[in-house]
Amino acid sequence: MIQLRNISKKFANGHVALNNVSLDIENGEFVFLVGTSGAGKSTIIKLMMKELELDSGMILINDKDVTKLKRSQVPHLRRSMGVVFQDFRLLQDKTVYENVAFAMEVVEASQKEIRRQVPMILGMVGLSKKSKQYPHQLSGGEQQRVSIARAMVNGPSILVADEPTGNLDPEMSWEIMKLFNEINQRGTTILMATHDLHIVDRMKKRVVEISDGNIIRDEKRGGYFSENQNR
Amino acid sequence: MIQLRNISKKFANGHVALNNVSLDIENGEFVFLVGTSGAGKSTIIKLMMKELELDSGMILINDKDVTKLKRSQVPHLRRSMGVVFQDFRLLQDKTVYENVAFAMEVVEASQKEIRRQVPMILGMVGLSKKSKQYPHQLSGGEQQRVSIARAMVNGPSILVADEPTGNLDPEMSWEIMKLFNEINQRGTTILMATHDLHIVDRMKKRVVEISDGNIIRDEKRGGYFSENQNR
Amino acid sequence: MKIRTAKFFVKEGFGSLRKNKTMSAASISSVIAALLVIAIFFIIVMNVDYAASKLESQIEMMVYLQDNLSETIVSSMSKELETISGVKDVQFIPKAQALMDLNEKWGDNAYLLEGLEGENPLPDSFKVTLTDPSKANTVALAISSISNIERVVYGKEELEKLLQATYILRVSSLVIITILVFISVFIISNTIKLTVYARRKEISIMKYVGGTDWFVRGPFIVEGMLLGLFGSFITSLAVGIGYYYSSNLIKNQMIGLLSVTLMPFGELISSLVLLLGTVGLLIGIVGSFLSVRKFMKV
Amino acid sequence: MKIRTAKFFVKEGFGSLRKNKTMSAASISSVIAALLVIAIFFIIVMNVDYAASKLESQIEMMVYLQDNLSETIVSSMSKELETISGVKDVQFIPKAQALMDLNEKWGDNAYLLEGLEGENPLPDSFKVTLTDPSKANTVALAISSISNIERVVYGKEELEKLLQATYILRVSSLVIITILVFISVFIISNTIKLTVYARRKEISIMKYVGGTDWFVRGPFIVEGMLLGLFGSFITSLAVGIGYYYSSNLIKNQMIGLLSVTLMPFGELISSLVLLLGTVGLLIGIVGSFLSVRKFMKV
Ligand SMILES: Nc1ncnc2c1ncn2[C@@H]1O[C@H](COP(=O)(O)OP(=O)(O)OP(=O)(O)O)[C@@H](O)[C@H]1O
Ligand SMILES: Nc1ncnc2c1ncn2[C@@H]1O[C@H](COP(=O)(O)OP(=O)(O)OP(=O)(O)O)[C@@H](O)[C@H]1O
Ligand SMILES: [Mg+2]
Ligand SMILES: [Mg+2]
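From first to last, the protein sequence lines stand for chains A, B, C and D. Basically our numbering = 1-based index in the first sequence + 91. Basically our numbering = 1-based index in the second sequence + 91. Basically our numbering = 1-based index in the third sequence + 95. Basically our numbering = 1-based index in the fourth sequence + 95.
None of these hints come from the bench; they were simulated from the model. Positions of the beta carbon are idealized from the N, C-alpha and C atoms, including for glycine. Heads up, some of the hints might be wrong.
Unchecked claim - Straight line, CA to CA, 25 Å or less: simulated BS3-like cross-link-like pairs of lysine-lysine:
1. Lys155(A) to Lys392(C)
2. Lys116(C) to Lys296(D)
3. Lys161(A) to Lys296(C)
4. Lys106(C) to Lys389(C)
5. Lys296(C) to Lys392(C)
6. Lys114(D) to Lys296(C)
7. Lys116(D) to Lys392(C)
8. Lys223(B) to Lys296(D)
9. Lys296(C) to Lys223(B)
10. Lys311(A) to Lys269(A)
Said to hold, decoys possible - Computed, partial: chain C to chain A, Cβ under 7 Å:
11. Lys97
12. Thr100
13. Phe103
14. Val105
15. Arg295
16. Glu297
17. Val304
18. Gly305
19. Gly306
20. Thr307
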């Protein structure tokens, strides 16, 4: 369960990225976060994983107050969520396999589990053949899928994906969405920031729209554009 | 004018990214390059700007054989094309303004020109307010627009854009496409690799589809998917 | 920490050295260079100390005896002298021998002694060498209290000068080596800082995917350890071999002409290896630890 | 190259030092540390040389005269001696003075001279000091050829020992300072390599947007230059001040006890600054040039 309670974030340069935002996401929900470029989507995600510090308000994840976490507890918070980063954040001196395996090493999974789990998840994102390549040897979309694989490999209870299909072709994007849908059906809460109107319109999930740091729409089974919007 | 004549590229690890590809783009054309993730789109672009070396075949840009260029002539080739990189490639220790200005410093433009041109182009991509920010202070889409601004600032005769709207919302994407259309109308040749089926379908330009290193479609006023494709 | 995590650290530490070849080469060679500075100066200091000790050990004390003592008395005096603490060696010099020595020593001016040949005015004496020249005073006092002794003579002023000179040498070389060790430590830790800096992004990524501080730090510490170990190993080897050959060379070349000898290889090498190893390993570990910390606050 | 491009290089060079604070601090302080090693050793070498020269200049030659020469002859001989090349100073010592000196010198053993007091067996003499002790032989020969001279005496063996000792000192300190300069050069260029390495991605981006090799290299070279200049300036300042005070301190403390004096500040500082400046600047520029080249082949 994710609860944002009146959160605000002003950056050091004075820019107000989030302005008193509140949002509740139940366990097992699938939520799209949409909004123009620079609206504040990534900022919400970064606040949730404590990459950024909140100015005011409260974030509860699985009923734990994120702002009150001690430094030593932050890793546990991050392990409880799988995050697909907008900028991928792959380790450049590790292969595809090692990058995904790293997320399992972090939780001190056994070698056996790693050897079983990693190839399976790489297969799911269509990268079986690329497992020995380094990130710089991959296409943009392939790198993005490594990031997706890494976020899912530990079977987190919350999956947060920031623009996970921006470098994928429509068919591959749809494959990934089917994957997300599947793990969502098995109970994973999903929050996905996206610009892909096709996907949003087709999935018919809850849509939260943010604009200039404010939530301006929250629809149960919404599309990318609000219904009363004129295009 | 861009001419690819039977070009092939096999990477050091044995992967064949391009297989005997030929493509002619006239001056002033607007061409979309589409294809699944890993098809070879970025590889074509990297070969054109000599980031990668060709295995066989020939690339002529404005009737100059790219493969025969001496090391000292490569910068001139690169200056004749503006490139929007899929991974942005912004200088992290320069501000937005400085990043765009850098492309003009490189051609030893005068301070006066730089001071006139850079703010104008930043305005065109909607980043006037961000000119003093560093890349790490920008959202994903904002970074992408800096890369677009930098590619356009010198008014190159060829604009090559690799997935330039992957991190932009549909409206912003459309703004950018209008910009591209405008400079195309003023004579700039444009080659754009993209996954955005909306844009491709709406623009009705020439579409070249590549699959597994082979050109499988080349339509004058095509859509993202070929007409005989079943979806 | 599970054993397999420790294994992971070691694997990663080695892997990172292997994968970032340019950087590893640059940093290891900087570590070697810095340790080399320590090693060179350490060798100088040890040899200065060695030479000073050798000089000091040449200090001798002349004990002049009263005239006409019987052999038994002389030999019992000799034994008595040897029991005095601080005395290393006692050698009896009969007056005839003393005159001959003087003759030889004065060389060109020896003709001054010609008139003396009939009646030797020199007394019998003991030549006493000392274990610790700085205690010459006490030893001289103790010797004076023995009966049948005319006078105890030693170059008090010269000894003091020598002791002061060796003291200054020792202190200043110690000061300089301390400074140089600090400088080297500084260079090595800066080198490590730069290699870590070049990978600050990787560190933050590891934290972002849920690595604890210790988990992220582990491989870097192993890497720092390896850097220090390799560095001190190679430096020790190079300096050891160099010293071994040059000390042999100098021993063979100079013999007879001037008594320049370097400190024996065996006496020096173990402390050198210990010094380099400790410095290398310690800074490797501590340096990595501190440098990584800076980039982990994400 | 347009002037404004040169300006751009300078602006960028400064900017990059300012923007990458962690890295600049680490690399400048490494440069300082490495230069400090050179400086310390340079000071030691200069002082060893200074002390050796001082020792050598104390070498003197005794010229013993035949008996009963008139004052005019003696003074004309003195003039003649002074014309010989290699002679620095000539001092006449009458026989009476010579005996007094001997008396004083022998100290405890002076009683041996007691019998001689009536008839002084010592000759008149000149004490000759030399400009270059290594030419003692030639000077001695030249002096011998002057009439009315009995003998020319100098500690030939001692002189040779001394010359050899100072020679060995000089050569070995030169060898060591050469090694240390190399080591420092190596450390500094490695440091620069690491800072460039940390920005290899930026370098490639500059090339990808159309920068020529020289355009990309310019700011780095300026930066390397600044690094070298800052480093050698700070090192010179620190060492200069340190040396100034410690040489004063040592001069005041030790006077009378032992003649330990450091080389005067003024004689040393200019060559030190020159050395550090050259090393710092040169490696800064060349090091940047070479390090950047590696990442420009894109
Ligand atoms: N470190 C920072 N310092 C200052 N401003 C920042 C910083 N990070 C982000 N911002 C600003 O905050 C705003 C929101 O950024 P955010 O990354 O959340 O946008 P977004 O909704 O993810 O956009 P996009 O779709 O382009 O990724 C942007 O205008 C951005 O410029
Ligand atoms: N340096 C490399 N070494 C080995 N293989 C590479 C290298 N660079 C790219 N490849 C492979 O070549 C293929 C084509 O890559 P390219 O980047 O051209 O794809 P793309 O069409 O741009 O894909 P995307 O839409 O995902 O960006 C991919 O399968 C990729 O893994
Ligand atoms: Mg974002
Ligand atoms: Mg691509």
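Tested hints:
1. Lys155(A) to Lys392(C): holds (21 Å)
2. Lys116(C) to Lys296(D): With a Cα-Cα distance of about 16 Å, the restraint between lysine 116(C) and lysine 296(D) holds, given a limit of 25 Å.
3. Lys161(A) to Lys296(C): Roughly 23 Å between the alpha carbons, so the hint for lysine 161(A) and lysine 296(C) holds.
4. Lys106(C) to Lys389(C): holds (23 Å)
5. Lys296(C) to Lys392(C): OK: lysine 296(C) and lysine 392(C) at ~12 Å, within 25 Å.
6. Lys114(D) to Lys296(C): Given that 25 Å is the threshold and the Cα spacing comes to 17 Å, the pair holds.
7. Lys116(D) to Lys392(C): holds (17 Å)
8. Lys223(B) to Lys296(D): Status holds; Cα separation ~22 Å.
9. Lys296(C) to Lys223(B): Holds, because 23 Å separates the two Cα atoms, which is no more than 25 Å.
10. Lys311(A) to Lys269(A): holds (19 Å)
11. Lys97: holds (5 Å)
12. Thr100: At about 6 Å, which falls below the 7 Å cut-off, the nearest Cβ of chain A leaves the hint on threonine 100(C) intact, so it holds.
13. Phe103: This hint holds: phenylalanine 103(C) lies near chain A, its Cβ roughly 6 Å from the closest one there, short of 7 Å.
14. Val105: The hint is violated - valine 105(C) has no Cβ within 7 Å of chain A, the shortest such distance being about 13 Å.
15. Arg295: At about 12 Å, which exceeds the 7 Å cut-off, the nearest Cβ of chain A leaves the hint on arginine 295(C) violated.
16. Glu297: holds (6 Å)
17. Val304: holds (5 Å)
18. Gly305: holds (4 Å)
19. Gly306: With Cβ-Cβ at 5 Å, under 7 Å, it holds.
20. Thr307: holds (4 Å)
Against the hints set out earlier in the document, violations occur for numbers 14, 15.
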